[in-house]
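Could you build all of it, start to finish, from the sequences and the hints given here?
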Amino acid sequence: MIERVCVIGAGTIGSLFAGHLAQVVDVSVLTRRREHADALNERGLRVIGRSDLHARVHATDDPDELAGFELGIIACKGTDLEAVVAALEGRFPDATLMTVQNGLGAEDVVRRRGDWPLISAITFMSGTRRSDTEVEYVLDTPTWLGPYGDTPYERVEGVAALIVSSGLEAEAFADLRPAQWSKLIFNATVNGVAALTGLPHDFHFAAEERPTDLGRLVRAFMDEGKEVARAAGIVLREDPWEMNVHATKRGSAHYPSMLEDVEAQRPTEVESINGALVREARRVGVAVPLQTALCVLVQGKEASYL
Amino acid sequence: MKVCVVGCGAVGSLFAANLAQLEDVEVWAYDLAREHVDAINVNGLRLTGAGEVVGQVRATADASELPACDLGIVATKAMHTEPAISATAHVFAKGAVASVQNGVGNEEAIARHVPRVIRGTTFPAGKVLAPGVVQWDVKGDTTLGPFEPSPAPAEEIERLADACTRAGMPTHAVADARPAQWRKVIFNAASNPVGALTGLTHGRICERPDLRVLVSALVDEGKAVAAAQGIVLDADPEELIDHAARPDFAYGHKASMLQDVEARRTTEIDYLNGGISRFGRELGVPTPLNDALTALVKAREASWGQVLHSQTRSQGGA
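Just so you know, the protein sequences line up as chains G and W, in that order.
For the first sequence, this note's numbering assigns the number 1 to the initial residue and increments by one for each residue that follows.
For the second sequence, this note's numbering assigns the number 1 to the initial residue and increments by one for each residue that follows.
The hints are simulated quantities; they were obtained by calculation from the structure and are not laboratory data.
A quick note: this is a predicted structure, and the numbers were derived from the prediction, not measured.
Every residue, glycine too, gets a C-beta built ideally from N, C-alpha and C.
Don't take each hint at face value.
[Said to hold, decoys possible] Derived Cβ-Cβ restraints for the label pairs, each shown as a range:
| id | chain 1 | residue 1 | chain 2 | residue 2 | range |
| --- | --- | --- | --- | --- | --- |
| 1 | W | ARG264 | G | ASP175 | 44 to 50 Å |
| 2 | G | ALA264 | W | ALA93 | 52 to 58 Å |
| 3 | G | ALA264 | W | ALA235 | 41 to 47 Å |
[Claimed, not checked] Only some residues are given here: those of chain W computed to face chain G with a beta carbon under 8 Å:
| id | residue |
| --- | --- |
| 4 | LEU200 |
| 5 | ILE205 |
| 6 | ARG208 |
| 7 | LEU289 |
| 8 | LEU296 |
What follows is the structure, encoded as structure tokens:
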């Protein structure tokens with residue numbers, strides 16, 4: 001029975017989890033900044049947009065002040081994961097931890113710091129952070145969960161049911177990898193191209209009319225990714241190209257986080273997304289010259305400002 | 001003889017101002033930047049840097065003011081070739097016209113408007129500092145040869161090369177200018193878009209082993225397309241790339257395409273990587289990386305038409 005949830009990292013995704021879950025269980029929040037925790041304790045957390053909620057949460061920036069919990073949702077960015085998980089080492093031995101980072105490898109980073117039962121998750125929901133205490137829920141697309149290692153599937157189902165009961169979309173899978181890989185190929189391509197070109201995820205990504213149209217390149221990137229998945233023995237849950245075409249037909253163009261990061265000259269998730277795909281390709285012996293070029297170009301872009 | 005420089009930006013100005021030093025050459029310049037044209041007519045065209053030169057050049061933005069000329073030098077950005085030569089073609093009814101532009105495909109555009117065309121490639125570089133004043137950054141050689149489908153005769157090419165050389169712009173008249181041209185286009189196509197997409201200077205690109213590998217892979221595609229045309233490059237573009245990365249040469253140089261991207265100007269990608277891809281398609285030589293970089297840089301150009309509404313931005317899923 002899950003009665004206490006800790007959301008670790010209160011960016012957009014973490015805030016959406018915290019705001020909704022606080023409607024059904026006791027929620028604590030571990031923030032990076034002291035002022036953020038103070039503001040949450042003082043004013044609570046507001047969710048607007050597709051939900052209209054006000055949540056009371058217990059927030060702190062100090063892991064020593066955290067009360068115990070049964071479920072920890074690690075929702076920080078991939079670039080902060082190592083530091084965040086180091087702070088959890090040796091604590092909360094009875095908790096199950098869930099990772100929702102983009103790309104591959106987050107579970108391994110957590111595993112190196114402790115033997116908590118782990119749940120892999122990927123989320124397609126999106127929102128906009130208005131302030132430290134207000135987040136807009138924009139796309140109510142689901143979060144998908146699966147067991148990592150020998151975590152029992154029943155526990156994954158329990159967490160999915162809890163998330164659904166809080167008003168968010170979620171689904172449990174016995175094997176998350178088919179979905180995880182669909183998203184990996186999608187993200188590596190769309191995030192990487194957006195970061196290099198400055199284009200939000202708009203119609204250009206699906207345009208294939210002329211030889212130099214961007215959609216042709218997007219398709220070629222995704223074909224390489226699909227080849228890697230095939231060689232790794234993964235049967236994709238969704239075709240990343242179809243995901244791309246579908247997403248570009250939505251009303252407003254999405255700004256991939258990697259584009260936001262390069263515009264703000266922050267470190268990007270290129271290592272855990274594009275880097276992960278290129279490393280997997282090498283591991284299974286598939287040549288991915290285009291994905292490799294994309295990866296090294298984004299790394300080069302990062303190097304130009306970091 | 002009368003020479004008309006079509007497109008009097010940095011490179012065009014180097015030719016125009018230097019040629020104007022010769023007693024036997026009358027230099028005209030056609031350019032659409034009115035302030036630049038006016039300054040040239042009032043104060044002369046001044047070069048500074050690698051050489052201090054003031055040339056008496058007659059400049060105009062109105063092609064109907066140009067006299068009939070014996071020789072033309074087209075030095076516009078590659079995407080402006082078509083309108084520039086179609087406006088000035090009448091000047092060269094009895095003359096020959098050389099391209100000293102970046103990329104491939106310029107001579108083809110010129111040949112649609114004038115009868116005798118000279119294929120050319122040039123290494124000197126500079127930048128316009130102010131109207132009528134051009135910084136001469138790098139000296140270098142120019143190579144001229146016939147454009148095979150509508151060639152200028154060898155004497156005409158030699159006449160232009162001789163004038164340029166006497167004026168201080170060393171120029172070689174050759175039977176086949178393609179090896180020099182393809183060496184330069186391969187060099188530019190391998191280095192320019194990588195700089196434009198990453199924001200890195202040439203030296204920093206070459207310091208990153210992964211990016212240097214990408215640069216070489218781009219060079220290899222270009223070499224394959226050159227080889228399929230029977231072109232034997234006059235030197236390995238890789239040497240040029242490593243040479244340019246030296247701290248005493250162009251380590252800190254921002255590729256012109258990076259400068260274009262930073263200023264949100266249309267780039268020459270269609271004539272560099274796009275040109276290599278086009279020739280590759282016609283010859284059945286695959287150029288996946290050149291195709292990719294062409295699409296990425298064109299998408300970057302397309303992004304400038306986008307209005308950024310921060311309030312519509314959402315984060316999360318991707």
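Do the hints match the structure? See the list:
no., hint, verdict
1, ARG264(W) to ASP175(G): 44 to 50 Å, "47 Å, holds"
2, ALA264(G) to ALA93(W): 52 to 58 Å, "57 Å, holds"
3, ALA264(G) to ALA235(W): 41 to 47 Å, "43 Å, holds"
4, LEU200, "5 Å, holds"
5, ILE205, "7 Å, holds"
6, ARG208, "6 Å, holds"
7, LEU289, "6 Å, holds"
8, LEU296, "6 Å, holds"
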